Every structure is written in C-alpha cells, then in structure tokens.
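There are 2 protein chains.
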Amino acid sequence: MLIGDDETVRDLTRGAVLLGTGGGGDPYIGQLLLQQEIREGRSARVIGLDELADDAFVVSVAGIGAPTVLIEHLQARGVCERLLAMMERHLDRRIDAIVPAEVGGMNSVIPLALGAQLGLPVVDADGMGRAFPHIEMVTFSVYGNRACPMVIGNELGDTVLIEQATSDRKVEDIARVVTGALGAMVYGVLYPMSGAELRRTAIANSLSYAMEIGRGIREARSASSNPVAALLGIVGDRSRGRFACELFDGKIIDIQRETRDGWHLATVTLAGLDDSAQRLELLLQNEFLVARQDGRTLCMVPDLIAVVDRETAEPINAERLKYGQRLKVLGLAAQEIMRRPECLAVFGPQAFGIDEPFVPIENLVAGS
Amino acid sequence: MLIGDDETVRDLTRGAVLLGTGGGGDPYIGQLLLQQEIREGRSARVIGLDELADDAFVVSVAGIGAPTVLIEHLQARGVCERLLAMMERHLDRRIDAIVPAEVGGMNSVIPLALGAQLGLPVVDADGMGRAFPHIEMVTFSVYGNRACPMVIGNELGDTVLIEQATSDRKVEDIARVVTGALGAMVYGVLYPMSGAELRRTAIANSLSYAMEIGRGIREARSASSNPVAALLGIVGDRSRGRFACELFDGKIIDIQRETRDGWHLATVTLAGLDDSAQRLELLLQNEFLVARQDGRTLCMVPDLIAVVDRETAEPINAERLKYGQRLKVLGLAAQEIMRRPECLAVFGPQAFGIDEPFVPIENLVAGS
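Protein chains in written order, with my numbering: chain A, 1274 to 1641; chain B, 1274 to 1641.
Don't read these hints as lab results, they were simulated from the structure. Small disclaimer: the values here were computed from a predicted structure and weren't measured. Do not rely on the hints blindly, as some may be mistaken.
According to the in silico footprint, chain A covers these stretches of chain B (three or more CB under 8 angstroms from chain A) [to be verified]:
(1) 1433–1440
(2) 1447–1455
Covered, in the sense of this in silico footprint (three residues per stretch, anywhere, with C-beta under 8 angstroms from a C-beta of chain B), are these stretches of chain A [said to hold, decoys possible]:
(3) 1449–1455
(4) 1585–1597
Some residues of chain B that are not near chain A, with every Cβ distance over 12 angstroms (derived) [claimed, not checked]:
(5) Phe1330
(6) Leu1429
(7) Ser1512
For glycine and all other residues, C-beta sits at the position ideal for the given N, C-alpha and C.
Could you put the whole structure together from the sequences, leaning on the hints where they help?
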C-alpha cells in the first residue's frame, strides 16, 4: 500500500489522534513532514507483517518528548537519517524497514515521513495499538525484544547511544533524562529486531486501522450520516473481533490540570447534557487511564478511552479539551495481546498507580 | 616508573587530595583498588609524555559523580574494562595508554588501578593540574580535543555512548543527567586522543608531582621537621617555576554548607589563632574558588587553594572540614598553560560566577 495523497494522510492523522487516547503527542508535525514528502513526489510504502523476511532488520523510529515547536522539514529528515545511519554502523546491518512503536499520536506519522524520504518500507504494525508514555510499554518488550541499542539525537548533531541497560524501563529512564539535556526536538531509533521477532511480538495492521478510522469519520460526514455512529461501527465491529461503545454523552464542566515529574496529569469532569446529575470523570496521565461514572469504573487502561466531538466525531487530544465542550466519550477494547497478565504488569492499571485490577470494558459495561 | 608499593600509593593519594583543592572526590576508593592490584602482584606503569608515539591512542578514564559507597573491587574493574572495550570497538582502535583527566582527587588514582589491572601504561600528565567539576574544564578541551565519543557505564551493565555533541559543555550536561539515571557508581571513558594531541594539550608530570608532594610531607614527618614548611618547599619551588605561599593560619569558626543544583557549595570562615580579628573566608563550589582575608582576595581559581592540618600538613577535603579545626591555608599558582585567556574563559573566576577578573596569586599576595 502506498500513502501518496493528502487525504489519506489526514485520515491517518485523525485515526492516530483517536488511538492516542488523549495523548501520544500531536501528530500535526508528522503530518506536515509527510505532506512535504508527498509534494516532492515521494510516497510512503506500507507493507504487511507477512511481507517481511524472517531475517529482515527492522527498527522503530519515534519522536521523544513533546516537540511542540514547529520544526524545519529538512532538520527532522537530517536527524532521523543520521540516527538510522548510526544504528546501521553500530550493528553493522542495513535497515530493511521501520515500524512505528505506537500508532496513537505523532509516532504513527513520523515513521511514514521518514520511510517516504529514505525509500524504506514502513510495517503496518506497532507495539501498543494505542499510545503509552514509556519506551518499555510495548508488546515488543513484553514479549522479549530489547529497546537497546537505542540512538537518540537532535537537530544540533548531539547524538547519544544507549548500548545496554538492565531493563527497558532503565532505557526509558536514561532516554528521558537525555531528552531533557538535548532539548525540545529529539528523535530516537530503538527496538532493533528481526522480521521474525517483530512478527511474533507486534500488533498487526495498526496503520491501516488508523486510516480506516479516519476515513470512516470523513466519509460519514460527507454522506451527512452520523459520524459517531459510523465510527462506532468501525471500532466496535464484532465481526472483526473488536468491541467499543459510547461511555458518555455530555459537556465538560471541570478540568484540573497539573504537570508533575514530567507527566501531564488531568482530571476531566463531564456532566450529562440534559442537566442530569450524571457525572463522568476521566483521569489522565499523558493518556487517559480510567473513566468512572458516578464512581463506577467503565473503562480502564490498557483499554482505550477516546474523546470525540459529539457532532463531527473529530477526535480531541487531552491538551485541547476546554470547559463547555460537548463531547462523546468512547471506550474501545484493547487487542487481546495487550490484555495478558505479562502485559498488564507493564501497562495495566497498577502500573499507573490505580489500585484496581484490570477488568475488560465488555464486562464493565455489561454490568450496567 | 612503576607504582608497586603501598607507601607510594599513599603518597600519591595524599598529594591528590592537596591538588584536589577541597574537592575532586575522595581518592580512598581508587587507593583501595590500586592497593588490591598490588597485593595481587601487579604494578601500575607510569610513562612520560615523551614516551608516547605520536600516533598512540590514548583515552581518559574517570569516576563520575560521587561514589561514596564502598564498592566491590571486581565490579569496578569489570565496568572500566567493559567501557574501554566499547571505546575500542566503536573507534576500531586499540587503546595504547590511559591518562588521568584530573590529578586532584579520586581520578588520579582510578586510572592507575585500571592500568595495573589491564597492563596499560598511564601517562604522567593530566588536563587540569588540579580538580574541576566539569568535563569541559580541561586543557585537552580548551586546546582543541573533543570529550566525545565518551562511554559511560555502571556495575549493572548499563552503558551509554555520547557519540557527538555540540560542545564539550554539552557532553558535560548529558553525562551529568546520564550519571544521575545510572546511579551512584559510574565511570566514564572520554577524550580519545592521539599521543601527539595529548602532548600538545596536557599538563606534564602531574602524577609524579602529586607523589612528590605526598612523599615530601611523609618524609618531613618522619624526620621530625616541619611538614608544612617542607610542603611549601616543594609546591613553592621557584627553581622549578612554581609559586606557593601560606595564606592563613587559623581555626574554623563557621561553615555554611548547601547542596544546590548538584553542587556542593560552602563558605568556610577561619579566625586567626591569637584571637585576632583577622578572618579568612573560603568559597567552595565542589572545589575552592576564592580565598578572601577581611574582604581582600588572596587567591582565586584556577590558582589552587589547599587546606592542610597545621601540624601534620595532612591535606583535608572540604567535606571533612569541621568547626574548630586548626589549619593552614595555602595558595598555589596554577600552571602557566591554565592561566591563558582561552582557559580563563572556561574555568576562570567568571566561569564560576565570581565577578572579578583573574589576578595571579603572586600579584595578589605581593600587594599585601
């Protein structure tokens, strides 16, 4: 599959915001980079997991931190190209393909821009099926691949290699402080894997899923049908093993935000539109962690909580939420591979300090 | 020259504390490591700058941070060996010799322990002629060598390579946060240089100078002569281009300590022994920066301020200073190569926030 037109890029970005579950970083910069590639006549080639040779050499590429500053196109290209070259030199292997670490947020689009630039295929897969705040919170890691060697760099030429670390959590700790020292615009190349290792540990078809979501919303709008219903038809398509439902329909009556220890923390409270006493509370730690209605938990991490405009179904990042917005809150079941005990130990509720065992959204809403 | 007996090691350590000018880290751990090598039948071989081939490959090895925890001998050996091997692999060169970055404090002794272990010669030179808190504060850097590629690691196996950085100050910033993430016991291999580059930029004979100081103090004690006078005879030997003098003789009447932004800051006040109104104030930022008597500056960085026991001439680290100690404070002229404008820009008074231009100690005390 080739991504070579602006409409497809916008579809992908829209889906990536939804799968970012409130966070993941704004994909706008990645979108600009990819659109620039397309204007210059290049396309991103997306390949399926089954198209990878077992001994192919694959790496993830990600923007790290919060590149809120609009950056020069050529700079970003130069940084990632340098980092990939350093990884190749260090491991003495040619890179055959790149894979997004997370489909939610900016890091779904950045690998595509880079792939278009360098003529490298991008694998239609990721390690989260959503967005998470930490490097170790990926199925790649849970199922046995290592994040390092990892290369980190910025547009000034500063380049750091984490060659070896006690754990992927330690890689996260090191990468976080290095990112702080390197400044705002930092990229990383990590999770060097073989094609066989990626196939064994990845979440399949993530990019095409994000595009399907974005396209579904767009097409429903132009057909004047109900975009939220169309969206739920896609993300809740039981015939394809998916589950999703509307958790709440209401307006924001309170947002408490806090930045602590590098986290974007927030508590968002919605009230029903009919001035009912119903309240929905969303807890955010970069991404949404849990949705509770009147104290009862309706959806919890790693299941996805997505906030969309109640008319247009446009997905909205947590940082763009404002008092008075009228929204629908959706809950989406995470992929089965994300819900196993070994995954919950790394990115289940307890990993984020929530003192409740994980219960799948299907069971939580069935009880209502 | 071979260092193969405990007495020489203790001489070196004593001299290294004096040249640490209040800081540099306690050389005790390095001393234990080197003594262990000697007990196991190995010696450290010290070679002169003139014994290095022009195309020899030399690196510095240093403990970073404050390894106040007593560590296992084999661990420290393993860490440094691993880091040297990684540097060799990364640059595809065999390391021919190691050189201390600083002769003051712990990092004079650690390279000797490592040299003894690995059979690598240690160059009788350094980049400071004293101790400084930052990686970029070395003549190696001021005169054109680069700190990176630099390898950083700990005993757990965590390993980070700073491949490239905008400046050696940036290497310092990155290394500092990486050290924080890696924990207490961290080593670095840095400043890869050729023999010719080292010869052009190093301070010569640093290790033998530290040993001469330590030996001089010891011999004066056993000869029941005046150890402080003997010490001044060595560090103030004008026939060898040195200048030093006693700045003050007194007791500590106040110590204000503070840890801020990772700095060990202190103001130490001494009063004359005869209950005179004379006061000496020492400002410390890891190392002593300036000595002022009754408001008049007597000695300032990069010239050295050393505090010794007034009877035994034992040099005393700033962290071991206590209320009531009776001390002599000495001022030592820095090497000429350290006082040039390009050096003062990096480690002169202004670099430490002192709003006075550098004046050599010879001129300051001549005015009294």
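Hints and how they fare:
no. : hint      : verdict
1   : 1433–1440 : holds (count 7)
2   : 1447–1455 : holds (count 7)
3   : 1449–1455 : holds (count 6)
4   : 1585–1597 : violated (count 0)
5   : Phe1330   : holds (19 angstroms)
6   : Leu1429   : violated (5 angstroms)
7   : Ser1512   : holds (47 angstroms)
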